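From just these sequences and the hints, can you work out the full model?
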Amino acid sequence: MKARIFFLISILVVGGLLWSGLQAVHPFGLPNGTPMDDYFIANAQGEAAANNVVTSIVFDYRGFDTLGEGAVLFTAVISVAALFRKRGHN
Amino acid sequence: MNPLSVVARTVCNLFAWFLAIFGIYVIVHGHLTPGGGFQGGAVVATFMAFLLVAHGGEKMQSWVRKDRFTLMECFGLTLFISAGLLGMSKTFFFNFLAKAGGVFGGVLPIGPNAGALNTSGTIALMNLSVGIEVVGGLSMILLYMFSAAHPQEPMGREESGHDR
Chain A
1 MKARIFFLIS ILVVGGLLWS GLQAVHPFGL PNGTPMDDYF IANAQGEAAA
51 NNVVTSIVFD YRGFDTLGEG AVLFTAVISV AALFRKRGHN
Chain B
91 MNPLSVVART VCNLFAWFLA IFGIYVIVHG HLTPGGGFQG GAVVATFMAF
141 LLVAHGGEKM QSWVRKDRFT LMECFGLTLF ISAGLLGMSK TFFFNFLAKA
191 GGVFGGVLPI GPNAGALNTS GTIALMNLSV GIEVVGGLSM ILLYMFSAAH
241 PQEPMGREES GHDR
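Residue numbers (the working numbering), protein chains in the order written: chain A, 1 to 90; chain B, 91 to 254.
It is worth saying that the hints were derived from the structure and are not from the lab.
Among the hints, a few may not be true.
Calculated Cβ distances over 10 Å to all of chain B for the following chain A residues [stated by the list, open to error]:
#  : residue
1  : R4
2  : I9
3  : V13
4  : H26
5  : P31
6  : P35
7  : M36
8  : A50
9  : N52
10 : L67
11 : A71
SDA-like, lysine to any residue: derived pairs with alpha carbons at most 20 Å apart [to be verified]:
#  : chain 1 : residue 1 : chain 2 : residue 2
12 : B       : K156      : A       : V80
13 : A       : K86       : B       : A239
14 : B       : K189      : A       : N51
15 : B       : K189      : B       : M178
Chain A side only, calculated, beta carbon under 10 Å to chain B, not exhaustive [to be verified]:
#  : residue
16 : T34
17 : A48
18 : A49
Please read these numbers as outputs of a predicted model, since none were measured by experiment.
Ideal Cβ positions, reconstructed from N, Cα and C, are used throughout, including at glycine.
Next comes the structure, spelled out in structure tokens:
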């Protein structure tokens with residue numbers, strides 16, 4: 001019984017916090033602010049000398065993200081090689 | 091897996107090279123057209139899948155070596171990280187080659203233009219390195235999975251397809 005009351009109170013508290021947090025969320029469907037997009041579109045050709053703005057974001061402005069993707073691929077290949085290696089020589 | 095018939099093998103032999111050339115085009119023009127290292131590398135790795143399906147695993151494994159692909163993968167990732175580290179005087183992944191006049195150092199006019207291959211600095215270099223890495227990695231995944239899926243087949247069996 002005590003546990004039930006405790007769970008009920010905690011659900012109410014967490015739910016209330018979530019609900020009050022959701023009130024401040026950006027309204028669904030409204031356009032976001034665009035200063036970042038405007039910066040990329042205006043400066044990608046001048047700063048990175050790249051016609052392809054998407055590539056300039058992927059490989060220049062967010063190069064660290066692409067490094068993570070490359071590391072993910074590397075890890076996937078290593079794990080496949082470890083999984084499917086030939087038995088017999090350990 | 092046995093090799094396919096003569097017709098399928100001939101067609102795959104022909105079209106595998108077109109696939110490879112298209113993938114290399116996507117990698118090299120990554121800073122001008124849609125696509126880039128990941129996408130083009132996946133297309134080039136299709137070359138390996140094509141030949142594996144057409145010719146069977148035994149023949150492929152006598153043609154290629156897995157450690158070459160390991161080398162390609164490690165070289166690509168190392169080139170990528172070093173291209174990021176070389177701009178370390180400003181920030182990590184600073185585009186130090188752009189507009190510097192050397193390799194990939196061309197200057198673009200602002201606004202709509204036709205584009206040039208010798209622009210965009212480290213972006214093109216990173217496209218190349220990621221392309222090399224993805225080609226090596228995906229080809230190695232294909233070869234490893236293929237050799238593990240058919241471990242008991244005797245080596246060097248020839249012409250056991252539909253055209254006996």
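Taking the hints in turn, this is what the structure says about them:
1. R4: Holds, because the least Cβ-Cβ distance between R4/A and chain B comes to about 51 Å, which exceeds 10 Å.
2. I9: 48 Å, holds
3. V13: 42 Å, holds
4. H26: 29 Å, holds
5. P31: Label holds. Min Cβ-Cβ 25 Å, cutoff 10 Å.
6. P35: Since the minimum Cβ distance to chain B is about 19 Å, P35/A lies beyond 10 Å and the statement holds.
7. M36: 17 Å, holds
8. A50: Violated: least Cβ distance 4 Å, not greater than 10 Å.
9. N52: The assertion about N52/A is violated, with a minimum of 5 Å to chain B.
10. L67: 6 Å, violated
11. A71: The assertion about A71/A is violated, with a minimum of 8 Å to chain B.
12. K156/B with V80/A: 13 Å, holds
13. K86/A with A239/B: 11 Å, holds
14. K189/B with N51/A: Distance ~13 Å between K189/B and N51/A Cα, so the pair holds.
15. K189/B with M178/B: With a Cα-Cα distance of about 17 Å, the restraint between K189/B and M178/B holds, given a limit of 20 Å.
16. T34: Hint on T34/A: violated, closest Cβ of chain B at ~20 Å, above 10 Å.
17. A48: Interface hint status for A48/A: holds (5 Å vs cutoff 10 Å).
18. A49: The hint holds - A49/A has a Cβ within 10 Å of chain B, the shortest such distance being about 4 Å.
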